[in-house]
Amino acid sequence: MTTGQSIIRFEGVTKRYGKVVAVDNVDLEVREGEFFALLGPSGCGKTTLLRMLAGFEVPSEGRILIDGQDVTQVPPNKRPVNMVFQNYAVFPHMSVADNVGYGLKVDGIGGSERARRVEEALALVKLDALGSRRPDQLSGGQRQRVALARALVKRPRVLLLDEPLSALDAKLREAMRTELCQLQAQVGITFVMVTHDQDEALALADRCAVMQRGLLQQVASPSDLYEFPASRFVADFIGSVNMLEGRLVVDEPDHAEVAVAGFDQPVFLDHGVTGAAGTTLWLALRPEKIELHKWAATPPHPGDAPPGRNVVAGTITHVAYLGSESLYEVALADGQKLKALRSNLTRWDQEDFALGETVWLAWHACSPAVLLS
Amino acid sequence: MSGGHQEQRPGQAPGVFAAVGLPPIVWLAALFIAPLAVIWAYSFGENRTLVDIAITGNWGSYARALKPLYLAILLKSLGFAALTTLICFILGLPVALAISFASPRVKLLLLLAVMLPFWTNLLIRTYALMAILRTEGLINSALGGLWGLVPGLPPFEPLPLINNNFAVVVGLVYVHLPFMVLPLYAALDRLDRSLIEASLDLGAGHLATLWRVVVPMALPGIISGIIITFIPALGAYLAPDLLGGTNSQMIANVIERQFRSANDWPFGAALSFLLMYLTFAALLLQSLISRRSAAREARA
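Protein chains in written order, with our numbering: chain W, 1 to 373; chain S, 1 to 300.
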């Protein structure tokens, strides 16, 4: 996807409700043509941020610019953005076509042009034949398409989506993800989406902003968020993670070692860490980056670490079979538990691991993400 | 309301309905339906002596009730009630909107303010209104005081605020405004806020949103409010009696006269039931409309 220059800018935006700070001094830039996701747990301020962009809330401090124009005080009906609401907010007393044409009608676009654009918009969301239906005759997925068409028909500079897929069932959600991506590519409009669902954000967005308690935690591409999280919160919020607290014992330009309680040997890292020896830090180790090995007298040797490093012995205490993969919970000698994920590559697994089995866990020197906060 | 009839759940004691429902049913039957039936029977009766009424099954009283003299009063009552309802709607819609958009604490206070008059006796409220409107009342004495401050004006002529049709409508509006505000508020409060936001988001201003989204969505509540205001206003007795002039009596005043000074119970009964039939027609209309919108909501 081609992304150009900045289309939306939040400059020091703060929103307070009484004493509660919903959005705390956010600086954020969204680029022209990108699919941008605001991600975070409920109450993190992401919806408030979106609503300020739509004009339903006015920031307590700071300004919001769209296309370089300060829109902070501009009412919602005068902004070049349109929104797809979480519950779709399709007008129940109007037909599908009247819903889609509503925004054009109030803009004074009449007769044949309105009819043509409504038809185009309905075709875009594959509802060509349903223009005369009433909303109560539509399924949830169809109603969402009406909401999409109704917003897109106005040709907004930015389309805002509030939890667009949360009300759909799992199968439909998968299909709709792909379709939303295609739709965005087709219309070339900047999409800003709010979601609490990390999978949704990772699958759809070009870039994501992760928020927590009103603060922007990290803005990055999905893969950077997952592989290079900026904080323990982000590492923990995006995907599953083993969080190991440790102390920096060796810090060289080309490698570092981190002592972790319960591990015989310090964890070996193939890169230097900024920090004095003795600093407390955290290693975020994703379950799929931990290999399971059958028990043997000599421990396995992960390629890029010195022998005996980055391996620990443990006992499998729980197996969750997830279909495409299995999640193993392994207890170390001191009782701490690590999660390891293993793909089920063959239908009949000769190397199956069983509950209660003693195993080696191993990981590469490049696998843990080092977090200072 | 979207709820329909519920099937009786297994294990639900059948006696519960009888135990809870019977006393009020008996109460209503003995003290409301039975007297009403008696009055209904009287409406087909004739006066024999001063105290004796024979139920002869004749329609004479109804025929008399539809004579121009009484028909004019009935039409005038309908006119008063319609005007009252219209004014209540024009005043009540902004009030109901304000209440439904207020913060929870303010909302409670405003609702309290709307309902407060209910807790005062209607007679006392009407007398209070008399004290405000009469020739030496609050409004006229205040105006007179102001008038007196300006030198060189002719002597103050009090405004004719009482004992006329104007006073009756003022009284009716004052008494019936809560009947309009509460159903409107209930309908507006139930309205999905995101629909209003969607309308604004799509470029509509506040007035366009009110007209194209809020009013159509709140229509069942608006119709309820209109009917609930119209019916009691139509049968109003105190306001025309205490605030009106000789020319502003309504149908309820005529009915009262038949039962008391004129001692013509069959005619009074016929007039009463004429009013009842109108009321039933209005209620039927309302239930038809609300059933249609309930069916639409149930499908949605």
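Quick caveat, the hints were computed from the structure, so don't treat them as lab data.
Any given hint might turn out to be false.
Interface residues of chain W toward chain S, partial, derived using beta-carbon atoms under 8 Å [as the list claims (entries may be wrong)]:
no., residue
1, 57
2, 91
3, 126
4, 128
5, 129
6, 132
7, 140
8, 150
9, 219
10, 365
Over the 10 Å line for every Cβ pair with chain S, so calculated as not near, a few chain W residues [what the hints assert, rightly or not]:
no., residue
11, 117
12, 251
13, 259
Backbone N, C-alpha and C define an ideal beta-carbon position, used for all residues, glycine too.
Hint check:
Given hint, residue 57 of chain W at the interface with chain S, is violated; its Cβ is 11 Å from that chain's nearest Cβ, farther than 8 Å. Contact between residue 91 of chain W and chain S, as hinted, is supported at the beta carbon level, the nearest pair being about 6 Å apart and thus within 8 Å. At about 21 Å, the closest approach between the beta carbon of residue 126 of chain W and any beta carbon in chain S exceeds 8 Å, and the interface hint on this residue is violated. Of the supplied interface hints, the one on residue 128 of chain W is violated, with its beta-carbon coming no nearer than about 21 Å to a beta-carbon of chain S, more than 8 Å.
Residue-level restraint check for residue 129 of chain W is violated (minimum Cβ-Cβ distance to chain S is 20 Å; threshold 8 Å). Given hint, residue 132 of chain W at the interface with chain S, is violated; its Cβ is 16 Å from that chain's nearest Cβ, farther than 8 Å. The criterion of a C-beta within 8 Å of any C-beta in chain S is not met by residue 140 of chain W, whose closest approach is roughly 12 Å, and the hint is violated. Checking residue 150 of chain W against chain S: minimum C-beta separation of about 7 Å stays under 8 Å; hint holds.
For residue 219 of chain W, the interface hint is violated, the least distance from its beta-carbon to any beta-carbon of chain S being 25 Å, above 8 Å. Residue-level restraint check for residue 365 of chain W is violated (minimum Cβ-Cβ distance to chain S is 51 Å; threshold 8 Å). Its beta-carbon lying about 13 Å from the closest one in chain S, residue 117 of chain W satisfies the requirement of being farther than 10 Å from that chain. Residue-level check passed: residue 251 of chain W sits 53 Å from the nearest beta carbon of chain S, beyond 10 Å.
The Cβ of residue 259 of chain W lies farther than 10 Å from every Cβ of chain S, with a closest approach of about 53 Å, so its non-interface assignment holds.
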